[in-house]
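Visitor: Residue numbers (this note's numbering), protein chains in the order written: chain A, 185 to 480; chain B, 22 to 420.
Treat the hints with care, since some could be wrong.
[What the hints assert, rightly or not] As a list, the in silico DSBU-like pairs of lysine-lysine whose alpha-carbon atoms are at most 35 Å apart: (1) B:K147 - B:K251; (2) B:K235 - A:K336; (3) A:K237 - B:K203; (4) B:K251 - A:K237; (5) B:K147 - A:K336; (6) B:K235 - A:K237; (7) A:K417 - B:K395; (8) A:K417 - B:K203; (9) B:K313 - A:K336.
[Unchecked claim] From chain B, some residues computed to sit far from chain A (all C-beta separations above 10 Å): (10) A118; (11) S389; (12) K390.
Just so you know, the hints here were simulated from the structure itself, not pulled from any lab data.
The beta-carbon is built from N, C-alpha and C at its ideal position, and this holds for glycine as well.
So you can see what is in the structure, the chains are spelled out below.
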Amino acid sequence: MQRLVFRRPTRTARTIYLMLVPAVLLYFVFKIYPVLQGLYLSLFRWSGLSPQKEFLGIGNFVELSSDPQFYLALENTLTITGLCVVFQLLLGLGLAWISLKHRLVGRVFRSTALVPYLTSLVVVGTIWTWIYDPSIGVLNNLLGFMNLASLKQAWLGNPATALFSILVAMNWQGFGLYVILFVVGLQAIPSYLYDSAKVDGLSDSRTIRHIVLPMLKETIVVGFILIVTASFKTFELIYIMTGGGPAYSTEVLASYLYRSAFQMLKAGYGGAIGVVMLIMALLITFLYIRTIGAKE
Amino acid sequence: MWTSFAGELQHEEELSNFAKRVNAKYPNITLKVTSYVGADFSPKLTTAMGAGAPPDLFGSYGGGQLKGLVDEGQIDDITDLLNEEWAKAIVPEYAKASHTFQGRNYALPYELNTCWLMINKTLFEKAGVEIPTKPWTWDEFMGVVGEFKSKGIYPLTVSGNTPRHMAYYLDYLIERIGGQEKFLNTLNREPGNSFTDAPFVDAFKKFKALVDAKAFFPGSSAYGYVDVIKSFGTGEAAMLCIYTWIVSQTLKDFPDVQLDILPFPIVPGGAGGPEISGYTQGWAVANKSKYKEEARKILTLYASPEETVEFEKATGNPSAFLIDTPAGTLNPISEKAKTLARAATKFVYRKETFMPPELGGKYTEVLSKVFYGKMTPEDACAELETKAEQLKNLGQLPM
Chain A
185 MQRLVFRRPT RTARTIYLML VPAVLLYFVF KIYPVLQGLY LSLFRWSGLS
235 PQKEFLGIGN FVELSSDPQF YLALENTLTI TGLCVVFQLL LGLGLAWISL
285 KHRLVGRVFR STALVPYLTS LVVVGTIWTW IYDPSIGVLN NLLGFMNLAS
335 LKQAWLGNPA TALFSILVAM NWQGFGLYVI LFVVGLQAIP SYLYDSAKVD
385 GLSDSRTIRH IVLPMLKETI VVGFILIVTA SFKTFELIYI MTGGGPAYST
435 EVLASYLYRS AFQMLKAGYG GAIGVVMLIM ALLITFLYIR TIGAKE
Chain B
22 MWTSFAGELQ HEEELSNFAK RVNAKYPNIT LKVTSYVGAD FSPKLTTAMG
72 AGAPPDLFGS YGGGQLKGLV DEGQIDDITD LLNEEWAKAI VPEYAKASHT
122 FQGRNYALPY ELNTCWLMIN KTLFEKAGVE IPTKPWTWDE FMGVVGEFKS
172 KGIYPLTVSG NTPRHMAYYL DYLIERIGGQ EKFLNTLNRE PGNSFTDAPF
222 VDAFKKFKAL VDAKAFFPGS SAYGYVDVIK SFGTGEAAML CIYTWIVSQT
272 LKDFPDVQLD ILPFPIVPGG AGGPEISGYT QGWAVANKSK YKEEARKILT
322 LYASPEETVE FEKATGNPSA FLIDTPAGTL NPISEKAKTL ARAATKFVYR
372 KETFMPPELG GKYTEVLSKV FYGKMTPEDA CAELETKAEQ LKNLGQLPM
């Protein structure tokens, strides 16, 4: 029979654990505790003000299941997440590849690619709101200049175009990070692999498919997780550019959570929306990592 | 002191100067003013109160939003202060109404906002539309909409991304058609009253008729809270249905606009009269404040004749106090609004803030969907009724 042996931590290990305590403590207080508190509150009817809470069990989740505005917000969140994953990963990889192939332009591009990402979301939202302004916006004026006046419209005031318009701003703001991420990933691929691909006469597309993508798997997973988590939490650009409108057609889970908890004083219901967001983001990330792992 | 005036520079400046005067009069009191933009104000306040750290004094729109806080024991009852002789002489009952619940007062009303059709007289002249001397009927108003359209001028602009600005039309229409009593009975779930009743459906239909007539400047569907001032000021449309807080800012930013105000159209045969829609902004004191006595001193000072003059001069908006200010204190448009409003005995309710927050939220949500053609008036009313019934079952209605 095998015996479990507990070894005393060494002095070095003890020092390491001790040094980790502040970080773990901060992580618990500012990350884990709010999540647990959110889970707890989602089980109550609570205004967010009162010391009184009424226990509902899964009542808030039952209400969510028949709330059309929740489904619209969920659909918008998933649409944004899906399209951001596709656009930002493709743009990131494509532009990283091009910037490495054309070194001079690439260097300039790489040094500017991060600027939108580093710009405050409030500023980004305001810039794009002006671009889309129906009267003085650059986009409508450009369309007029190109004799395409029939296409001029209130981009953020039309339910058919508002979400798409926000998506453009979102991807413009976000893609730079993934360019840098993929540049680093591509540079980490040993150069002899590119050389042998060249010797074997592989085209760019086949090199990407058979060498680059398999070697970039970890980078893609990291990028995927970052985009999914950022997209699921998306709030600022929506809030600034449309406020969830027109007719709440650009409402996402985070903005619906905000509206429910702080404007309609349904903090418990808002908590339930937060729980759904957490579960879905974890689920998508877990499934994706599992799929990648299975292929390995 | 927390306010919802961030960005409204005249209000911010007035309060900043008031804070200095408080400190000068009461050296042991320091008044610190923090301003948030309108949309952020309630969430910030709710969070602060939930966390047990509310501001000592804060702005109140009254109605359901304030009542929600009163019900949670968050607001100090200042009935005794408003029953003092000086207060009884200058605070009219209609101004107190939206801050009063079960006969108890929870805020000192200080600013009188009334809702009008702001008009650009130059565009009226250009379109050959005569400025009426008495309120239009709804049919006359729709006729005027057609006249403007035929001259290539958009009759109206609105803030599409701030649904409460659309609600100003509906606030009026509901009471013009059904009367205030019908609205209150329906809100308070009196038997035989429903949001699906004809007056409500008809009000939504009349609003939709404006949308269908393409009365609103097309770009206004994308406009936010402040964009609409620019839209009206730059002459994108001839009229804007909005409260008087916009007047001073418009005159300052667009001095060339020939501005005037008209009463909202009446609906002949409706149960409501030509009342004005209005509300008072008030100052409330947090129940958990450690400085209630100091807060009351500040309120008393704020209601003094000297401060009333300072307020009107700085903000260009009428004070709610029955204090006569020297001629020329207010701009002529705000003065006209003040004179007309003072004759009122009651106001048409600003329903989004008057109703409980959840129902107020639903009200603007369904209206916005009607505006963008995503919902019929009948469905909008049915959703309101469902929400009202839910709130009745939760004990939030009657108010």
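Visitor: Look at each hint and say if it fits the structure.
Guide: Now for the hints, and whether the structure bears them out:
1. B:K147 - B:K251: At roughly 20 Å apart (the allowed maximum being 35 Å), K251 (chain B) and K147 (chain B) satisfy the hint.
2. B:K235 - A:K336: The hint holds at about 17 Å.
3. A:K237 - B:K203: holds, 33 Å
4. B:K251 - A:K237: Answer violated: K251 (chain B) to K237 (chain A) is near 45 Å, above 35 Å.
5. B:K147 - A:K336: holds, 26 Å
6. B:K235 - A:K237: Not OK: K235 (chain B) and K237 (chain A) at ~47 Å, beyond 35 Å, violated.
7. A:K417 - B:K395: Given that 35 Å is the threshold and the Cα spacing comes to 26 Å, the pair holds.
8. A:K417 - B:K203: violated, 43 Å
9. B:K313 - A:K336: Violated. K313 (chain B) to K336 (chain A) sits at ~56 Å, over the 35 Å cutoff.
10. A118: With a cut-off of 10 Å, A118 (chain B) remains clear of chain A, as the shortest Cβ separation is near 22 Å.
11. S389: violated, 5 Å
12. K390: It is violated; K390 (chain B) is separated from chain A by about 5 Å at its closest Cβ, not greater than 10 Å.
The structure does not agree with the numbered hints 4, 6, 8, 9, 11, 12 stated previously, though it agrees with the rest.
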